[in-house]
Amino acid sequence: MATTSTPVTHHGGQHAPHASYLEDPQYRGLMSWLTTVDHKRIGLMYLWSVLTAFLLGGLFALALRLELLTPKEDFMTAETYNKVFTLHGAVMVFLFIIPAIPAALGNFVLPLMLGAKDVAFPRLNLASYYVYMTGAIMALTAILTGGIDTGWTFYTPYSTTTGGAVTLMTFSVFVLGFSSIFTGINFVATVHKLRAPGMGWFDLPLFVWGTYATAIIQVLATPVLAITLLLLAFERMFQIGIFDAKLGGDPVLFQHFFWFYSHPAVYIMILPGMAIISEIIPPFSKKHIFGYRAIAFSSVAIALISFIVWGHHMFTSGQSQLAAVIFSFLTFLVAIPSGIKVFNWVATMYRGSISLDTPMLYAISFLLLFTIGGLTGIFLGALSVDIHLHDTYFIVAHFHYVMMGGTVIAFLAGVHYWWPKMFGRMYNETWARIGCILVFFGFNITFLNQFAMGAKGMPRRYYSYLDQFQGNHIGSTVGSWVLALGLFIAAGVLLASLRKKYDAPDNPWGARTMEWETQSPPITHNFPNNPVMQHGPYDFDAPAVRRES
Amino acid sequence: MTSGAHAAGHYDHANDWKLYLGILIALLILTVVTVSAASFDFGSANVIIAVLIATCKATLVALFFMHLRHDSAVNAIIFLSSLLFLSFLLILCLIDIGSRIEPKPANWKGPSPGVIYPADLDKPVAPATGAAPASGTTPATPAAAPAAKH
Amino acid sequence: MSSHTLPAPGDTHGHDAHGHHDPNLQHHFVEMAQQFDTAKLGMWLFLATEILMFGGLFVGFGLQQAKFPEAFKAAHHHLDRNMGALNTVVLLISSFTMVLAVWAAQTGRRKVLITNLILTLACAGTFLVVKYFEYSHKIHDGLLPGKFFHYAQGQPNEYIFFSFYFMMTGLHGSHVVLGMGAITWLLIRAIKGDFGPGYYTPVDLVGLFWHLVDLIWIYLFPLLYLIG
Ligand code: HEM
Ligand SMILES: [Cu+2]
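Chains as they are written, first to last, in this note's numbering: chain A, 1 to 549; chain B, 1001 to 1150; chain C, 2001 to 2228.
It should be emphasised that the hints constitute simulated quantities derived from the structure, not laboratory data. Please read all numbers here as calculations on a predicted model, not as lab measurements.
Okay, derived cross-link-like pairs now, DSS-like style, lysine-lysine, Cα gap no bigger than 27 Å in a straight line:
{"id": "1", "chain 1": "C", "residue 1": "2147", "chain 2": "A", "residue 2": "246"}
{"id": "2", "chain 1": "B", "residue 1": "1018", "chain 2": "C", "residue 2": "2111"}
{"id": "3", "chain 1": "A", "residue 1": "246", "chain 2": "C", "residue 2": "2073"}
Label pairs and their in silico Cβ distance ranges:
{"id": "4", "chain 1": "C", "residue 1": "2133", "chain 2": "A", "residue 2": "55", "range": "50 to 56 Å"}
{"id": "5", "chain 1": "A", "residue 1": "333", "chain 2": "C", "residue 2": "2133", "range": "50 to 56 Å"}
{"id": "6", "chain 1": "B", "residue 1": "1077", "chain 2": "A", "residue 2": "534", "range": "29 to 35 Å"}
Positions of the beta carbon are idealized from the N, C-alpha and C atoms, including for glycine.
Just chain A, with the same shape it has in the complex (with noise of 0.2 Å):
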């Protein structure tokens, strides 16, 4: 471990002065956990039950490449395949994506980071879980009872006409939202009111800025979700004329009011990730952040503007000339806050004594390719190129870099980078860059061709294709390949370390956010005593500071 630095604290975890969450006396066994209140563990439920979805979504990916590896229909039939891409996406994106880095890391680390002992409302945070269990169930019934094949985004009048579980499925996104709203209410009233003494706004961790902007959106933005999908399911069930134009409804409304919510979603995605990464970019950089206000300002900024975009995917819905204008323009703003934080991070970097540990080749991973799909969205968000460009390929690839070179990136980095919090040991380093690097290469084997694909013409959503396209296909389904091999081994890295006894220094990165300030991992009240707020989050240049007082 040459590169890590001298932990700030004393005591290493292997003399853990007191029992951790994980096996504290006074809540053992099975019902504790599924009872438990507190933040940690219901942090850790979330992980093992969102990587669960991971790998189910991974799998579907995987079977979707391996149909595309020729033109031809190979092991699946048109249907099959648009019922695989469904689920594949609607799992990713409900299941997987939206609660990752919030309910599971945000759940575990932010009121650690706060110096608080639980989020402001534990036992409504328990609630949340088990409001997504419920809809992670009723998904699968879904699944498992006639499929769905609309499409994550269920565009009527398709969905309002296909058979299957449509109906089912939409209620289940229905109760996945509420489960959102929770975790959304539950972390900005944390971050109002739950702070440590002497721990003003500008003193907080970018990481609670970016979860704190990103519960505004899942608070504001996820209603809007919920009834419009009652709506839909209403209109398939009782014909009630809002969307269905046969029957005197509007099919664009649908676009209108599903994106409504699905444009901030996708913020509600990429605003955790980015928060991941101004945390991680300081501590391995050994430097205070650069543009701390700019940073957190520009988190708050995306989460306002995200609200007026959306129609930036309806360019070619049938929306009006001027609307489309509009909403062009628009989509330009959204741009100026992720420049920032862009810059801000790459200025963090320069000279700075960077170590290259897991967690920050992730991070640099991120920056490469949150870039390339951040730039490829404002092509996108030209409204002339997005009418050639719409609904292939190209999209497919944008959507990719953001939301898997981004997010699914930031996620990984930020399980890196607190495992060691949360379970008390450290992996493999050796292994972990190695994982790393194979999802780095995997990744960008598998969707940069794919915007060449679609520029030439490549329609997304398709189980056969033109022979001219076999290349590029090959080429994204063997990246697939490396892309799993990589995953698989990142996992075996921090599975493997489980086994081990606790080893895990309470500092082991020499950060000077709060949540290294307690043991590792933590005890059931989170700090020995109440912390007291005594040095800034970035502050690499002041002497350390002990807890004990």
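Keeping the supplied structure of chain A fixed, place chains B and C with the ligands upon it in accordance with the hints.
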């Protein structure tokens, strides 16, 4: 000062009920106003008048019954931002729906702007670019994709 | 760096050490004032989600109304203005009794609290009874949402109005029922003597919820019954 009664320290609450009663009377009067206003036809202003009166009532409820007047500003901000974001949804949808033009093929030679009736579309039109549809939508089949783009 | 401290902004009184012994204080809060403010903030956030959820319906209603003004106008004549107005008055009064209940809890008037909770429940019950008569009338006439609509002289697209009428009043009505459940719970606790100037958070929160239910009806009434 007892803990829990956060705003209670600032003034005496004993007579608050009089204020609340006054608000109730104002709300009832506004209800009468809105019902009687509805018996006149102001054309398209009908909705605006009704929503304005309703908003007056809502403001009274929020300020006094929901205590926003004395509450911490965050709560009012939350309340107002929910309305703000709702208005984004309404306004941008209205912009779209209010400015839509009925679609017609780019090579349409018939009566210019206005509604196109499906029956008219059956009339022969001089094809401008061969058989390819001139609209910008994605072709329906993969086979047609390259053909339409070149 | 900053002078913000743990309690709510501007709230510097009430740092009493006795707060720790209050049985209502949860372990992760330092003092009752903080817990109260946090609960209230959470409630307001929840109300914001309610507003946006109902708001989606309002927007859908508005756009469809703009699309089929005649049908909506014709359809709204089937609603009984008097019943709607009556329910408006009933709900306004219930809001008044609710705020009195909060006030009574805050100032330690237990009897007034109990009376007003009962009055609020009575108003809510009246509201539902009136709604019941309205609904059964509509059902009898076949003025129903979507595919269930079978009113003989119906105009084309009139059923869209009734789709919205039933969805909006239905969602609202379900909130009334929920609110009644919560108020009943308050009543039981009030009789047990749980509330007083030191602790009345639940009364305050349910009060906020109840006023929101009223607030939504304040918009529903003119839009559905008066304008159409
Ligand atoms: C710089 C910021 C961004 C801009 C300007 C942007 C722009 C766009 C545009 C214009 C489209 C529509 C393309 C089309 O369908 O024709 C699109 C699609 C998409 N974007 Fe982005 N985007 C940005 C960032 C993101 C982020 C951060 C995410 C997610 C984490 C994301 C996820 C998506 C998804 C999922 C789609 C496709 C949705 C679908 O049709 O299935 N975007 N983006
Ligand atoms: Cu978007």
